[in-house]
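One line per chain: the protein sequences are A and B, in this order. To convert, note that position 264 of the first sequence is 263 in numbering that gives the first Met the number 0; the numbers rise steadily by one, no gaps. To convert, note that position 243 of the second sequence is 242 in numbering that gives the first Met the number 0; the numbers rise steadily by one, no gaps.
Each hint can be trusted.
Any copy, or any two copies together, can satisfy a pair, since identical chains are not distinguished.
Straight-line Cα separation of at most 27 Å, BS3-like style, residue types lysine-lysine; simulated pairs:
| hint | residue 1 | residue 2 |
| --- | --- | --- |
| 1 | K312 | K71 |
| 2 | K296 | K34 |
| 3 | K34 | K102 |
| 4 | K71 | K296 |
Read the hints as simulated data drawn from the structure, not as lab findings.
Protein chains: 2
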Amino acid sequence: MTITRREALVGAAAAAALPLLNSSSAHAAVPPANKQAPSFYRYKVGDIEVAVVSDGANTYPLADKFVLNASKDDVNAALGRAFLPQDKVTIHFAPLAINTGGKLVVIDTGNGRAANAATKGSVGQFAANLMAAGIDPKNVDMVVISHFHGDHVNGLLTTDNQLAFPNAEILVPAVEWKFWMDDGEMSRASAGRMQDLFKNNRRVFEAGLAKKVTPYEWGKDVAPGLLAVETAGHTPGHTSYVLSSGSDRVFIQSDVTNNPDLFVRNPGWHANFDQDGDMAESTRRKVYDMLVVEKLKVQGFHYPFPALGNIEKDGNGYRLVPAPWSPVI
Amino acid sequence: MTITRREALVGAAAAAALPLLNSSSAHAAVPPANKQAPSFYRYKVGDIEVAVVSDGANTYPLADKFVLNASKDDVNAALGRAFLPQDKVTIHFAPLAINTGGKLVVIDTGNGRAANAATKGSVGQFAANLMAAGIDPKNVDMVVISHFHGDHVNGLLTTDNQLAFPNAEILVPAVEWKFWMDDGEMSRASAGRMQDLFKNNRRVFEAGLAKKVTPYEWGKDVAPGLLAVETAGHTPGHTSYVLSSGSDRVFIQSDVTNNPDLFVRNPGWHANFDQDGDMAESTRRKVYDMLVVEKLKVQGFHYPFPALGNIEKDGNGYRLVPAPWSPVI
Chain A
0 MTITRREALV GAAAAAALPL LNSSSAHAAV PPANKQAPSF YRYKVGDIEV
50 AVVSDGANTY PLADKFVLNA SKDDVNAALG RAFLPQDKVT IHFAPLAINT
100 GGKLVVIDTG NGRAANAATK GSVGQFAANL MAAGIDPKNV DMVVISHFHG
150 DHVNGLLTTD NQLAFPNAEI LVPAVEWKFW MDDGEMSRAS AGRMQDLFKN
200 NRRVFEAGLA KKVTPYEWGK DVAPGLLAVE TAGHTPGHTS YVLSSGSDRV
250 FIQSDVTNNP DLFVRNPGWH ANFDQDGDMA ESTRRKVYDM LVVEKLKVQG
300 FHYPFPALGN IEKDGNGYRL VPAPWSPVI
Chain B
0 MTITRREALV GAAAAAALPL LNSSSAHAAV PPANKQAPSF YRYKVGDIEV
50 AVVSDGANTY PLADKFVLNA SKDDVNAALG RAFLPQDKVT IHFAPLAINT
100 GGKLVVIDTG NGRAANAATK GSVGQFAANL MAAGIDPKNV DMVVISHFHG
150 DHVNGLLTTD NQLAFPNAEI LVPAVEWKFW MDDGEMSRAS AGRMQDLFKN
200 NRRVFEAGLA KKVTPYEWGK DVAPGLLAVE TAGHTPGHTS YVLSSGSDRV
250 FIQSDVTNNP DLFVRNPGWH ANFDQDGDMA ESTRRKVYDM LVVEKLKVQG
300 FHYPFPALGN IEKDGNGYRL VPAPWSPVI
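Only chain A is shown next, with the shape it has when bound in the complex (with noise of 0.2 Å):
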């Protein structure tokens, strides 16, 4: 087998066998679509319907601090075994829209639709995919808060400061509710990106939202069938949640790790978004080692779509081995 660029097709056999059609169609060309499909995934736990629906994803340059305890060529070269290109790093967002058969639960929110705009529709695609899903954002019951960095709050509001699921409940960490409007901890904050993350929690909590935020506690289900976990670190109430039907059950792990490529393969890797380094490192090695031991599927906020999968020991680290998507539910 060599493969090397041949003329066209005029083959002996070919002209012996049959006659060569040369019949030019009777249609003009078909313009390409240049249009990705809706990126939305559905399965089932227990009775449980989930609804893995895509924000979207976006390309960086790779920052030399990206990883603060990795160099730039480490980083390289995970990318590079991962068949992923060099010198830029590509983040992920799947947030999720779960009905539970009496509610309908939304999971975090993506980056909105200014964010939509600003990256020419790279990121903040939840509302569009949901509509393609055929869900509208009136009937959803809950939303559920993560944590409160802006790729998970910022779809709260639409692009003129109002309410994105007008009809639902709040619920977000309370400890993490706490730490993010205490004006201490705002005035304590580093010039920058975390002086910024407080801004923009109080921008989106205060725009109308506060009055039906209600905090929710680690231990204690947030939903029909959600629990919500302590998996702090990432930020002070970073949460994820064990989603369980039957016998049946899932981790939503948030924001544990990022691109799986990276944080996942390499669980010592303190990414310069986790705000206690060492606290997110203990967290992903406690998490990530459960997931092997029971063999939990677990869903990632940062994996790329449909994000869902199980996780295999791999060297001194781990690796998510996808689940195959499935064309039926």
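Given the coordinates of chain A, assemble chain B onto it according to the supplied hints.
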């Protein structure tokens, strides 16, 4: 972190911070969708637009002789390592619709509409997913067939034996055409599966189709940018392709392997549907060594949708690394 079930959301902090909203929703509970997203996915190879359009997937009990030279226990072990259920095998089907700019080219046609009815929608989804992707079968200029097994050719016809792609030229491997249309070969075929295959191919290609069939040769472009490559073994005329545009290329492996968790990981395993197991294995090892050395993207008809990835060496075998889903094209 412990994952145990607890009671309802009535935490001390929640009660202290803000009143827990218990308002029942104004709307009735939204019913579950019970329907998967349309399974199509687009990507570019240079200027060429590829749409992977799923025909679905079918799950069968694991037969004792599904792999001729491996025990059922070994197959179950491989399924377990891939986090797949025991004692059953899922076969995925991923035809392609390729827009070369001038021509709309379908590669392989899936199990057909009759299979769709027989499996209650599990397979034979190609026609419906093409429609979801906005592709009108009447606009297809060419249908390129990789080999003459039912899951590749049956979709050429509608349930009432009409041409599913009425304006398309049908291009078939010259060696494959010669084998299946040879009455001597048919008379020597063993009873059961091989006889049935001959009969099915006569049925499909005699139903008003033969006059539109053009055999093609290996080593030549069968459509713009689409080079036909000999990969015999699975069938005598089994064909793969290199699709290329500019410096970008992808290897379309057809059935060089079936389910990657079994046959990419274990290239020495002979599936019961490989017509010449030894030749199929030899082809498989050559192709996969080439894919590793050239770091060439590969599209697999029987990989889980969207069936695109890269190949890495893994012990004595290989491993498919699925390409991350891009929410934009």
